[in-house]
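> Protein chains in written order, with this note's numbering: chain A, 1 to 450; chain B, 451 to 532.
Don't read these hints as lab results, they were simulated from the structure.
Take the hints with a grain of salt, since some may be wrong.
Stated by the list, open to error - In the DSS-like style, the derived pairs of lysine-lysine whose C-alpha atoms are separated by at most 27 Å in a straight line are:
hint : chain 1 : residue 1 : chain 2 : residue 2
1    : A       : K12       : B       : K488
2    : A       : K12       : B       : K489
3    : A       : K389      : B       : K489
4    : A       : K3        : B       : K503
As the list claims (entries may be wrong) - Covered stretches of chain B (in silico footprint by chain A; criterion: 3 or more residues with CB under 8 Å from a CB of chain A, positions within the stretch not fixed):
hint : region
5    : 469-479
6    : 509-518
7    : 521-529
Backbone N, C-alpha and C define an ideal beta-carbon position, used for all residues, glycine too.
Letter by letter, the chains look like this.
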Amino acid sequence: MEKLIYERPLIKKLVTGMPNKFGMKTVNEPISHIENISVKELLEKYGSPLYVISEKTIRKVFKTAKRAFETRYPKVQFAWSYKTNYLNSVCNVYHQEGSWAEVVSGFEYDKAIGNGVDGNHILFNGPDKSEADLTKAIKNGSYIHIDNFDELYTIVKLVDEIKEKPKLAIRVNMDTGIFPQWDRFGFNYENGEAWKALNQILMNEKLELVGLHCHIGTYIMKTDAYAVAASKLAELAVRIKNKFNKNIKYIDLGGGFASKNTLKGAYLPASDTVPSFDEYAEAISNALLTSELEPQHMPTLILETGRALIDDSAYLLGTVQAIKRLADGRRSMIIDVGVNLLFTAFWYEHTITPAQPFSQYTEDTVIYGPLCMNIDVIRENINFPLLKKGDNFVINRIGAYNMTQWLQFITLRPNIVMIDLEGKVHIVRERETNENITNSERLPMHLQKK
Amino acid sequence: MNINRNIAISDTGFVFDPSSGDSYSLNPVGTEIIQLLKKQKTIEEIQVEIVSKYEVDDVQLEKDIIDFILTLEQYNLIENNE
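Modelling step: build the complete structure from the supplied sequences, incorporating the hints.
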């Protein structure tokens, strides 16, 4: 006789009419395969935990975003936000799709050059650009988005030495009707600082103003805010035209589009509340097309969206390490994925799905990572199926920031694989070894074992 | 160790405790264990029975039964005579 599928015994008190913070059952079907490749086989072959990236999804989502904007606005250019995920394999998929590079440090700048991106297809953002970085960017003809007056004066000084005309834009911050207002980056619109900086650049013959940039925030769920930002940048462009008779080449609205991950404390799942690319595109294009910009000189619309493009394309696979009961009776599940690998667990309620079949029975569960630290919580309250040690799970939508903001804390970072368009699996970043970490350490003589 | 005598257990895994008015639901393995407990079976006997029927090893089952009985105790569904 064939044995029945076992699931640990469960007794659950029935409470009617009382809301609880664990909410409803969140998953219905197991994720046993990713693009027809078995999760168990992937883990057996490449180890657990494991990051899996889908090239197909990257390209598909990118095409959706591109179509949303290109059908509404005449000139659109995407620039891949390196900080969101700067694995070379990921960047190169975007570059193949036609994306430029958007970088925020010398390290990222060099990475983009290393990926074969033309200097004049790199947008250099951020408050941290050294003189060496700026010199390199000026010589390569990259677009430098100035963050502050100190940077502007540094560029003016460098130009005298280099004798090349830099291509500049300024980052503008503004009130778009949302909270918090990001005013730490760039020049403020409302207090006239942005206009002052623009005048300074435009009156200096050694400098060339090519664009206007803003990035109003992150995970912005209101499309109106983008419409306000686009209108204000368009207004600046019109003022520049009126005073200096100069048409700027581009308006860069940055990124910040929300992905379909639910934020902690959100009442409704993000899949129900987050705007689509079409809705963002509609708001932005409308604002630009109905502005006073001259129709024959419409600037290119640049977008640096990162999170919304890549989040859906990656998965984190792992294994249950232990099941235990907490002092107050709640169930806790320890998994081999901690906040070291899933940094975004600090602000998202990540969806976790078992990789093997499970029944309709669930238990109120806390999911902990393996780190020996109290902050290592992956889900604080989740109504979760009954898994046991050794079972596998899949966390989806983890493509943004986890592979750049991860921590090498008490353990080593695992393999990252990419499934290509033909379904072939490639290791795109090898798991770390002890040597990777200790090779850069130096032990003073007197501390060495004799 | 006995399941409280006045507790009603249905075949489909519904439990009613008339002394507190609380009701509970069980999954299939939980139902089976509680029925066996009601028949005064020892933990060893229960283990043999479940292992013969379900895809599970002794170690896993033992851990789970200990945890399950602890939960029953917390809900005051068990009379502990020991």
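> For each hint, tell me whether it holds in the structure or not.
Hint-by-hint comparison with the structure:
1. Between K12 (chain A) and K488 (chain B) the alpha-carbon distance is near 18 Å, which keeps this suggested pair within the 27 Å criterion.
2. Simply put, K12 (chain A) and K489 (chain B) have alpha-carbon atoms about 22 Å apart, close enough for the 27 Å limit, and the pair holds.
3. Between K389 (chain A) and K489 (chain B) the CA atoms are separated by roughly 30 Å; this puts the pair beyond 27 Å, and the hint is violated.
4. For the suggested pair K3 (chain A) and K503 (chain B), the alpha carbons sit about 5 Å apart, so the restraint of at most 27 Å is met.
5. Requiring three or more residues with a Cβ within less than 8 Å of a Cβ of chain A, the coverage given for the region 469-479 of chain B holds, as 8 such residues are present.
6. Evaluation of the coverage hint for the region 509-518 of chain B: fulfilled, as 6 residues show C-beta separations to chain A shorter than 8 Å, against a requirement of three.
7. With a cut-off of 8 Å between beta carbons, the region 521-529 of chain B has 5 residues touching chain A; three or more are needed, and the interface restraint holds.
Figure legend: structure checked against the earlier numbered hints; the only hint not met is number 3.
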